[in-house]
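> Please model the entire structure based on the sequences and the hints provided.
Chains as they are written, first to last, in this note's numbering: chain A, 1 to 229; chain B, 1001 to 1090.
Each hint can be trusted.
Derived lysine-lysine pairs resembling DSS-like cross-links, with alpha carbons at most 30 Å apart:
1) Lys1036(B) <-> Lys178(A)
2) Lys1029(B) <-> Lys109(A)
3) Lys74(A) <-> Lys1074(B)
4) Lys1020(B) <-> Lys178(A)
5) Lys193(A) <-> Lys1074(B)
6) Lys218(A) <-> Lys178(A)
7) Lys74(A) <-> Lys23(A)
8) Lys75(A) <-> Lys1074(B)
9) Lys1074(B) <-> Lys1029(B)
10) Lys1050(B) <-> Lys1009(B)
11) Lys1036(B) <-> Lys109(A)
12) Lys1050(B) <-> Lys109(A)
13) Lys1009(B) <-> Lys1059(B)
14) Lys1020(B) <-> Lys109(A)
Just so you know, these hints were derived from the structure itself, not from any lab.
Every value quoted in this text rests on a predicted model; they were computed, and no experiment measured them.
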Amino acid sequence: MKAAVIVFPGSNCDRDVASALRKYASAQVKMVWHGESALPEVDFIAIPGGFAYGDYLRAGAIAARSPVMESVLKKASAGIPILGICNGFQVLTECGLLPGTLLRNRDLKFVCKTVTLKVATSDSIFTRDFDRNNMVSMPIAHNDGNYYANPETLESLTSENRIAFHYCMKDGSVNDDKSPNGSQMSIAGILSKSRRVLGMMPHPERATDLEHGSTDGKAMFTALVNELA
Amino acid sequence: MALIQLNRKPLKVRIHITLKPSVLDPQGKVIEQSLKRIGFPQIGQVRQGKFLELTINEKEPKDAEATARLMCEKLLANTVIEDYSIEIIT
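As structure tokens, then:
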């Protein structure tokens, strides 16, 4: 499978996601600079974590208006799957591929730790190798991960089964007051209506190798092999 | 017919971007608490926003305002969570 990883000035998780795609999704990966006017032929697009444009104005705001994003939007319309991680999730909400937005963390601290997530749906190409309600461990590292959307959006995300992950306690219970960043409904990741665009704040690419301390993220990359080989 | 070109100064535009009232503002809350702590018990609520000052090359103030409005909708404000107000300084 051919994958593109978009690189903005300030992206810093691009090489990690490229590595995960090569190792576990058997992908040929092309790093695509944000200034490119068009993407090559690809089966998959990843928008990595980092601090694109220093988070100036709003996290992901300026990156979402980069030249290459016009091509990314076209590919999304054509059904090409897109995975946005952390800053990538912020970019996806800013360019309208996903609803809602990511606000400053409730406690105003940059939170950098391993969290437990509950898989809310396995009905997507990214999460199909999990079972619903599986608990997985992945790291988060962000200052603006507080997911916010209006009540109508939250209602449609819920009724359409488009919440992908919730932050949860070690016993699996979801407690919004105890989430790491204050996200509404403890939302850690969501899917587009097409279910082919996933945005998530945790870093699955940093939970693939034993040295990461968790390999729970690997299943998201291996799942892509069968779908997109 | 002779056309007289007047050198018009660009118009100065001030934009205030504020969080919608329904959106939680933890930064505003912390500022409120700090003010209380340093001796201002009379402080009520604090909401923090953004201020931008632009110069726009448009002839008429109403065109500059229309342009500024488009800029807000397209980039400067995230209309999911923010409101904006525009002031043209002539």
